[in-house]
Amino acid sequence: MNDATADMQVDSFQKKFRGVRAEMARVIVGNEEVIDGVLTCLLARGHGLIEGVPGTGKTKLIQTLADVLHLKFSRIQFTPDLMPGDIVGGNVLRESERGEKVLEFQPGPVFANLILADEINRATPKTQSALLETMQENSVTIGKITHALEQPVCVLATQNPIELEGTYPLPEAQLDRFFYKLRMEFPGAQALDEILDRTTQSSEPAVERVLGRGEILEMRAIARALPVANPVKDYAIRLTLATHPENAPCHAMVKKYVRYGSSPRGAQALLLGGKVHALMQNRVYVASEDIRAAAFPALRHRMLLNYEGEAEQLDVDTIISAIIESLPEPRK
Amino acid sequence: MNDRDVLIFTLAAVARRLRLNALLGELAWMACAISGALVLYQILVAAISAPAVASALQTLLILLLIGVVVVFAVRGLRPITLDEVAATADAQADLKDELKSGYCFARQAEASPLVDLQIRRAVLTVQRIDSRELFPIAIPRGAFAALALIFAASLLPWIAPQFGHPQSTSTDSIATEVAATAGKARQLQPLSNPLPAAGRVALEIPDGTQMPGARGSDAAWARLEAAVHALADGEELKDLAEAMEHRDTARTVQLLEEFERRREYARAQAGGPPADTVHASPDLIARLQKLFSPGGNVPQSALDAVAEDDVVHALDLAQRLDDMRASGANNPAAHTLDEGTNPLQAAVPLERFGPREARRSQGQGGEFAGTTDVEGGAMGRRVTQSNLGAGGKPSANETSNSNNIEAEQVLGARTMRLAVQLKQVKIEGNNPREGDAQGVAEAAYAATRAQQAQLGYQNAPQHAGYVTESALSGDRIPLAYRGAVKEYFLALDRNQK
Numbered sequence: 024m025n026d027a028t029a030d031m032q033v034d035s036f037q038k039k040f041r042g043v044r045a046e047m048a049r050v051i052v053g054n055e056e057v058i059d060g061v062l063t064c065l066l067a068r069g070h071g072l073i074e075g076v077p078g079t080g081k082t083k084l085i086q087t088l089a090d091v092l093h094l095k096f097s098r099i100q101f102t103p104d105l106m107p108g109d110i111v112g113g114n115v116l117r118e119s120e121r122g123e124k125v126l127e128f129q130p131g132p133v134f135a136n137l138i139l140a141d142e143i144n145r146a147t148p149k150t151q152s153a154l155l156e157t158m159q160e161n162s163v164t165i166g167k168i169t170h171a172l173e174q175p176v177c178v179l180a181t182q183n184p185i186e187l188e189g190t191y192p193l194p195e196a197q198l199d200r201f202f203y204k205l206r207m208e209f210p211g212a213q214a215l216d217e218i219l220d221r222t223t224q225s226s227e228p229a230v231e232r233v234l235g236r237g238e239i240l241e242m243r244a245i246a247r248a249l250p251v252a253n254p255v256k257d258y259a260i261r262l263t264l265a266t267h268p269e270n271a272p273c274h275a276m277v278k279k280y281v282r283y284g285s286s287p288r289g290a291q292a293l294l295l296g297g298k299v300h301a302l303m304q305n306r307v308y309v310a311s312e313d314i315r316a317a318a319f320p321a322l323r324h325r326m327l328l329n330y331e332g333e334a335e336q337l338d339v340d341t342i343i344s345a346i347i348e349s350l351p352e353p354r355k
Numbered sequence: 239m240n241d242r243d244v245l246i247f248t249l250a251a252v253a254r255r256l257r258l259n260a261l262l263g264e265l266a267w268m269a270c271a272i273s274g275a276l277v278l279y280q281i282l283v284a285a286i287s288a289p290a291v292a293s294a295l296q297t298l299l300i301l302l303l304i305g306v307v308v309v310f311a312v313r314g315l316r317p318i319t320l321d322e323v324a325a326t327a328d329a330q331a332d333l334k335d336e337l338k339s340g341y342c343f344a345r346q347a348e349a350s351p352l353v354d355l356q357i358r359r360a361v362l363t364v365q366r367i368d369s370r371e372l373f374p375i376a377i378p379r380g381a382f383a384a385l386a387l388i389f390a391a392s393l394l395p396w397i398a399p400q401f402g403h404p405q406s407t408s409t410d411s412i413a414t415e416v417a418a419t420a421g422k423a424r425q426l427q428p429l430s431n432p433l434p435a436a437g438r439v440a441l442e443i444p445d446g447t448q449m450p451g452a453r454g455s456d457a458a459w460a461r462l463e464a465a466v467h468a469l470a471d472g473e474e475l476k477d478l479a480e481a482m483e484h485r486d487t488a489r490t491v492q493l494l495e496e497f498e499r500r501r502e503y504a505r506a507q508a509g510g511p512p513a514d515t516v517h518a519s520p521d522l523i524a525r526l527q528k529l530f531s532p533g534g535n536v537p538q539s540a541l542d543a544v545a546e547d548d549v550v551h552a553l554d555l556a557q558r559l560d561d562m563r564a565s566g567a568n569n570p571a572a573h574t575l576d577e578g579t580n581p582l583q584a585a586v587p588l589e590r591f592g593p594r595e596a597r598r599s600q601g602q603g604g605e606f607a608g609t610t611d612v613e614g615g616a617m618g619r620r621v622t623q624s625n626l627g628a629g630g631k632p633s634a635n636e637t638s639n640s641n642n643i644e645a646e647q648v649l650g651a652r653t654m655r656l657a658v659q660l661k662q663v664k665i666e667g668n669n670p671r672e673g674d675a676q677g678v679a680e681a682a683y684a685a686t687r688a689q690q691a692q693l694g695y696q697n698a699p700q701h702a703g704y705v706t707e708s709a710l711s712g713d714r715i716p717l718a719y720r721g722a723v724k725e726y727f728l729a730l731d732r733n734q735k
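Read top to bottom, the protein sequences are chains A and B.
Going by the numbering used here, the first sequence opens with residue 24, and the numbers climb by one from there.
Going by the numbering used here, the second sequence opens with residue 239, and the numbers climb by one from there.
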């Protein structure tokens, strides 16, 4: 591959990305950041957690994405009585053609490319944990056999931040496995008007499948190959370390309100998210601006507030903003 | 030449331009610092007339200038790396780290199609940029400040005679205050008797013209100071001498007035005849006239503001004290003054300082019992004896208060010792026996309800403090929240560690 080919690939990446975004925008009104975030998760080999009040279109967004992509899609409605076996599948006893009883593996809904884990916090932690291996290793182990999942694998989960009764907050280990945590904002008046126009008429807008599995894998490869200069990488590292209260030069707000800072997965998410963001901006290098753009969805669920922060109902985004403002940009 | 070399070469050209700009900026700030130091030096030399200080300032200035030159030379000659050039160009042209990333990749040996593509794009960008437009060689902002300071530094010596008297304004104020004091002194009745030859202190007033480097106002102060120093061989004038040494005009005038009042009071106590006119020493007046003559170093403005007789009166205030000491053999107040006790106490009648001193002055025949708090009176109440004598008659001290009007004029209104003035109240159920005068006094004078309420009010903050402390230290955390609170404080502890 030479320069010209690389240039063409980058152009192709942008064209495809814009195509998916435009197609999704036919159904989803507004929330461009969330659409970009979901696509970033898909292209950076990550998983997304979408949080929003009921009725803001979380599930609709993921269903639309599944419609736009030529991928195997499955939906799991998380309920309190859902069991791990209902997600990953299990061995069932079956009679063979010769009349023998054999155990046969029946794959669960995680054996798909795009998995919608709807209302994930309604299931018990035991059931939630069934997704851990799927999300990290893209595989499922049942008994002694590990079943690899077909690439790409992307778990997109939704949760409701207000109806907390009867729910099970995601454990830190589970949260950390989500590449981005995205927030669906309530639509404004104009967006609400557009939503009503689109959804209360005889026919709802339909989308076309514009991207296949192979193209997605190709886009993933391009995003991974994007070079990052050392100063920018150093900026991402400093940003991650600045979220830790035990780190000496951290911001006063971090010292006061944060119990645990971001894990190394946060730094990975910053860099990979920055790469996809850079490609979206028609750049073949990652700038510190891309790292800053990725900082909020990549770090907000990886920083745990302490008692004081929880008591003051502090938004983690406020702390991230303060960190970004206090952190000097890379000069060398 | 490949893309990497082109990028580095172009950045080096931009670096030369940046270095020139940086050098100009450093030169401007260096000029600023040097001229600023010169201006400051001139101001300080003008303000502080002592030659020793001026010499020290000169040495300090030289050291400062050497330091400034070294610092700015180091800063100006510091090489600018191409990393910094790329970062500066990115920031200046809003290139979002393009050159910085490109230069970083250009230095690295690794090659990939995307890296090469990035370098090529960076080269195109840097060639598109007009470095002369992006980094114009402009006159640094510090240059204007430096010019202004150089102008000020060169102008100051020309205006030095006027600028050299930074205290001219304060000289006027000194003159005004001295004149006002002298006016007040004239309103007071002066001594009738002239200065006794034996008790008068020989005033050795140094000639201001003999003081090297002394300015007019300083010379005036020095002369006045010398006059008072000559008088102030006792402890009581130490404050005055000190105030004059610090050029504290207000304090000086205040002390002079205070001494004058004390002297007047002491004279009244001694029952001396009324004074008629001021009899300042003729040789003193002659010397002062000589000192404040237009030919001296005293500025004309000060001479205009301070009339000769005003200065003579101001000095006379001090000299009267000397007279008082010289003629104070029969004056008990003056004796007290000489003994170094509190001069105010000496001038005030003894009963003004409380009942203990009053009793001492009254001896055995005094009917006055003073005001004495007695804890644990009848029925556990706080019993206080009033300042009335037995039988409700006013004490002898009260009758003598009429003699103290003059002292009150000196000291102002008396300070009340107690916020609560106790009233005469008869306590029910505790009737004293007939004829027992002391029993009546003890039983009848107790705290009223208002007084008790006031005492309770005064105790309320103390009680509130105790309640607050006990509430804070008490275990009132709900059971369900104890874990969270404990974890919170443990987290705080961990953070502190």
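Certain hints may be false.
As the list claims (entries may be wrong) - Not everything, but these chain B residues come out facing chain A in the computed CB check (under 8 angstroms):
hint	residue
1	240
2	355
3	699
4	701
As the list claims (entries may be wrong) - Quick list of in silico lysine-lysine cross-link-like pairs, BS3-like style, CA-CA up to 30 angstroms:
hint	chain 1	residue 1	chain 2	residue 2
5	A	38	B	724
6	A	256	B	334
7	B	724	A	149
To be verified - Among chain B residues calculated to face chain A with C-beta under 8 angstroms, some are:
hint	residue
8	250
9	254
10	257
11	259
12	343
13	353
14	382
What the hints contain is simulated information worked out from the structure, not anything from laboratory work.
Note that CB positions come from ideal geometry on N, CA and C, so glycine has one too.
Going down the list of hints, with the structure as the test:
1. 240: violated, 12 angstroms
2. 355: holds, 5 angstroms
3. 699: Residue 699/B check fails; min Cβ-Cβ to chain A is 31 angstroms, beyond 8 angstroms.
4. 701: violated, 31 angstroms
5. 38/A / 724/B: violated, 55 angstroms
6. 256/A / 334/B: holds, 14 angstroms
7. 724/B / 149/A: Given that 30 angstroms is the threshold and the Cα spacing comes to 28 angstroms, the pair holds.
8. 250: Because about 16 angstroms separates residue 250/B from the closest Cβ in chain A, which is outside the 8 angstroms limit, the hint is violated.
9. 254: violated, 19 angstroms
10. 257: Violated: closest Cβ of chain A sits about 16 angstroms from residue 257/B, beyond 8 angstroms.
11. 259: violated, 17 angstroms
12. 343: holds, 6 angstroms
13. 353: holds, 5 angstroms
14. 382: violated, 28 angstroms
Checked against the numbered hints given earlier, this structure breaks hints 1, 3, 4, 5, 8, 9, 10, 11, 14; the rest are met.
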